[in-house]
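Number of protein chains: 4
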Amino acid sequence: MNLALIGTGRMGAPIARNLLRAGHQLTVYNRSRAKAEPLAADGALISHSPAEAARGREAVLTVLADDAAVEQAVLGDDGAAAGLEPGAIHISCSTISTVLARRLTEEHLRRGQNYPSVPVFGRPQAAEAKTLLVVPAGPAPIIERCRPVFDAIGRQTFVAGAEPWQANALKLGGNFMIAGMLESFSEAFAAMRKAGISPHLFLDVMNALFASPVYAGYGRLVADERFEPAGFALKLGLKDIRLMLETAHELAAPMPFASVIRDQLLAAMAIGLAESDWSSVSRISARNAGL
Amino acid sequence: MNLALIGTGRMGAPIARNLLRAGHQLTVYNRSRAKAEPLAADGALISHSPAEAARGREAVLTVLADDAAVEQAVLGDDGAAAGLEPGAIHISCSTISTVLARRLTEEHLRRGQNYPSVPVFGRPQAAEAKTLLVVPAGPAPIIERCRPVFDAIGRQTFVAGAEPWQANALKLGGNFMIAGMLESFSEAFAAMRKAGISPHLFLDVMNALFASPVYAGYGRLVADERFEPAGFALKLGLKDIRLMLETAHELAAPMPFASVIRDQLLAAMAIGLAESDWSSVSRISARNAGL
Amino acid sequence: MNLALIGTGRMGAPIARNLLRAGHQLTVYNRSRAKAEPLAADGALISHSPAEAARGREAVLTVLADDAAVEQAVLGDDGAAAGLEPGAIHISCSTISTVLARRLTEEHLRRGQNYPSVPVFGRPQAAEAKTLLVVPAGPAPIIERCRPVFDAIGRQTFVAGAEPWQANALKLGGNFMIAGMLESFSEAFAAMRKAGISPHLFLDVMNALFASPVYAGYGRLVADERFEPAGFALKLGLKDIRLMLETAHELAAPMPFASVIRDQLLAAMAIGLAESDWSSVSRISARNAGL
Amino acid sequence: MNLALIGTGRMGAPIARNLLRAGHQLTVYNRSRAKAEPLAADGALISHSPAEAARGREAVLTVLADDAAVEQAVLGDDGAAAGLEPGAIHISCSTISTVLARRLTEEHLRRGQNYPSVPVFGRPQAAEAKTLLVVPAGPAPIIERCRPVFDAIGRQTFVAGAEPWQANALKLGGNFMIAGMLESFSEAFAAMRKAGISPHLFLDVMNALFASPVYAGYGRLVADERFEPAGFALKLGLKDIRLMLETAHELAAPMPFASVIRDQLLAAMAIGLAESDWSSVSRISARNAGL
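Line order of the protein sequences matches chains A, B, C and D.
Sequential numbering of the first sequence, starting at 1, is according to my numbering.
Sequential numbering of the second sequence, starting at 1001, is according to my numbering.
Sequential numbering of the third sequence, starting at 2001, is according to my numbering.
Sequential numbering of the fourth sequence, starting at 3001, is according to my numbering.
In isolation and in its complexed conformation, chain A is listed as follows (with noise of 0.2 Å):
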């Protein structure tokens, strides 16, 4: 396919290599050039907006931070938006809010463009090693129009419904799973601590118990308390606990224990610890223990 891709940051400029190695043509536009230079080697065009990355493609992918992110590069001056033809496709892979996905398909709707909401599971490593679960959402032709991409990033593709902002409500659902558990071990780690049990032996039986890549290693980054470099920004995991909460907001879905979340989130915030990964929202629960 004839492909664009916006946003060549941790998670995409992987899933561009992954999208060229697949065959496919790809142009790239990053805010930051110097980002998107590197995929020149691996055969991709680089472009000077987004605008003119999409123009005369089939789909154009955005891969970025936030819904301001997003909004920017699809409905901003020289926007994605501006430059698709009727009948070409906007596949966001971003974990941005249901209410954005919303507007994006009204928006691309008024255009005649395609709007389905393609986020992902998985860190950069998965991207890089196409093992990202690819969750879209929107109209089913649509979809298996996208197939080509999908196979090309990922190792699992799940559709989540056939309204676009289903997919986002799955991803933050997912994203909310792995704070909840971040929030046990943190939790049950200053318990532990307070009665003289080493985390790195409860987190052996905790291995043992769920037998689970994703506890194995977020057990781990919490009983070393090594929060630097952060795999995945607090303040970004704070970002989707909102964003999830709003979601069931609208949905009138109570979520307590994404309320206790957010507060430790938001009390690790106050304690500067924005940039570190969000696993270190642990150290509140350690503090309000006295450790």
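Calculated from the structure, these hints are not laboratory results.
Fair warning: this is a prediction, and the values are worked out from it, not measured in the lab.
Certain hints may be false.
[As the list claims (entries may be wrong)] Straight-line C-alpha distance at most 27 Å; calculated DSSO-like pairs for lysine-lysine: (1) 2235/C <-> 2035/C; (2) 235/A <-> 3194/D; (3) 1130/B <-> 1194/B; (4) 1239/B <-> 3235/D; (5) 194/A <-> 3239/D.
Given chain A's structure and the hints, the job is docking chains B, C and D onto it.
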């Protein structure tokens, strides 16, 4: 070893059979004798009281439901403590409070007996399959003497510390981790359902993400809303979370997630789910979302 | 003073009457004109648009339900900002977000207009009785110019700070305090009822203890379960708690009580209590206790 | 009446003086005799044991700190129960658990003695000023026989029910209401401070709004951060919230606010505030906001 086992219920019976299979001599006692008798066919002797069962054995295991049952069977009239010789060992496999664990430590010490706490992780099927995780705590030489028992009943042993109550704290921490996962699922499923996303689809993605048999097993119970027959009764789950909170209280370690779980389990009790599987706590999130 | 007032609803109408009684000239505007017309009999001029109402006045008050209404009436087509002369004042009495307060500050500054936030505490009866608490924030000289307005509508004035949004933060904090009392009552009443203690008896003791008219008033609503007609609709209460949480987010100040309240109000929304008085949040505690 | 009073601490001593002033005969006992002796000057007899103090009296009051103290003084060796004649009355004024209240009911019944629970609301100054709120529960004829006592020590009496433990439940509910106000203040003050709003200003507005001496008193403690000397020690406050949660557990009534309060008090314990006034729980909200 020449052993006794008190409490031949859903966990105790398969543990007893595994001890017999490993070649240990075994005398068993159960309050309702009918539940003990089938074990005679496997080679167990049946006893008339905990004291009688314990008399002359190197070690007696207790596999009972809660503090009250253990207190009665060990320290009550004709209790195991009255039968055990000095130097013999009481291996307490039940999920009991850290308070009772400390009291048993003292009571046995006073009698010249040895007391390790040895809670286990796993449901009845795991007990049957000899795949329990065994978590002993107590003086190292006593733990070593009991190794043949641990090897006969579980797949892996983790020594929690030199103080018996530490094993109970660790076990409560592990059950808290499972409850944390349950409540996370409960809230996420409720939100997903209101977003028109099938719980089974969400579960498929979570299974791909966490790759944990515990998530797969419990997630399915919640997604299927199949809460009877109970694998682990909600009232026992509440008991464990309550014990975790009491231990957290002793340790001055706040656990806001545990508090939320307690409140949700209590709401589930209030609408009559005491005997259902504790995964039915998900009904509260569903109800509070108007489902 | 030569004033305008936009929004002659349950709060705006009595405020308008008090301004007229105090001898101010007043032009009023309301989206549905019928609600504004009765004020003509009290001496108000009726206007066709916010811009027209504002034109030539020393100050325009807005008394509206939420952010959207204020944004529309002030910054929308024919909005008050378009009518106000440079040097004139926009007195915003609505309970709005700190975000919108800051935006209004900028927008008016850009136009050479003055903007104090002046939220008030009190229900419609208090507005009628001129017993509102008036909480202005903004540059001191502007606050002083508005004193005659504050004196005309309330019984006491508290200056919250030099930044307009501070008044909104204070107002949200006050509504949070009331919601905290409501949730406390809700939980206590549910427990008392299950203990066979009449809510009215409990309320009598609390009245003797707190000796607060706010406790007496709200406590009675909850004890009587008299939630219609709504003095203050639950959906508006939820809006305010949500705004408080957003402000707490900006400030990085975790508020676990506010989180609980939000979840309880959301559960109340989910079972259809949006238009009931916000004291009906007590139904959730009752339900979760199986009542 | 011919009375005894056990426990002449900060609450018991002024209560004893008021009983003497009202013309009752009074024998007192205190574990550390030095605290009882000043009452001799007011006309009290000093006793050597609870049993001796109780012997021959129509009624014995206990005014003690917690369950353990009451259990010891009443049911321990030389306890009051051993001294009281059949038909005599034990008036228990302490804030104890509903579990102990029920146990005392049974123990006294077995001995042919009468047991009303009669907790009181008010700090030591209120006891001195005879302005306590008296909350008896028990069989109506017994309550009536005790009226002269209630009239001598408080300003108002509220009968909670026919079951003694109901008075304890009501008292715990009242303390929960106060704790709820404290936590509300704590969170609001933290947010206000981060918004640059003085706690004293916020308190002024809340005083104008709630017009409650309880808000004024506690609000000032928090705003002034004046936590020593403790009017009511934080560890006792935690004890009461814990008892409230245990009673809520018995009743299957979830109380999420009580859970939050417990966690905050626990965090305060963890940083060494056990002996400070319980209003110092506000330090936790401040800390978690990075203040």
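Going down the list of hints, with the structure as the test:
no., hint, result
1, 2235/C <-> 2035/C, "holds, 22 Å"
2, 235/A <-> 3194/D, "holds, 19 Å"
3, 1130/B <-> 1194/B, "violated, 41 Å"
4, 1239/B <-> 3235/D, "holds, 24 Å"
5, 194/A <-> 3239/D, "holds, 21 Å"
The structure is inconsistent with hint 3 alone, although it conforms to all the rest.
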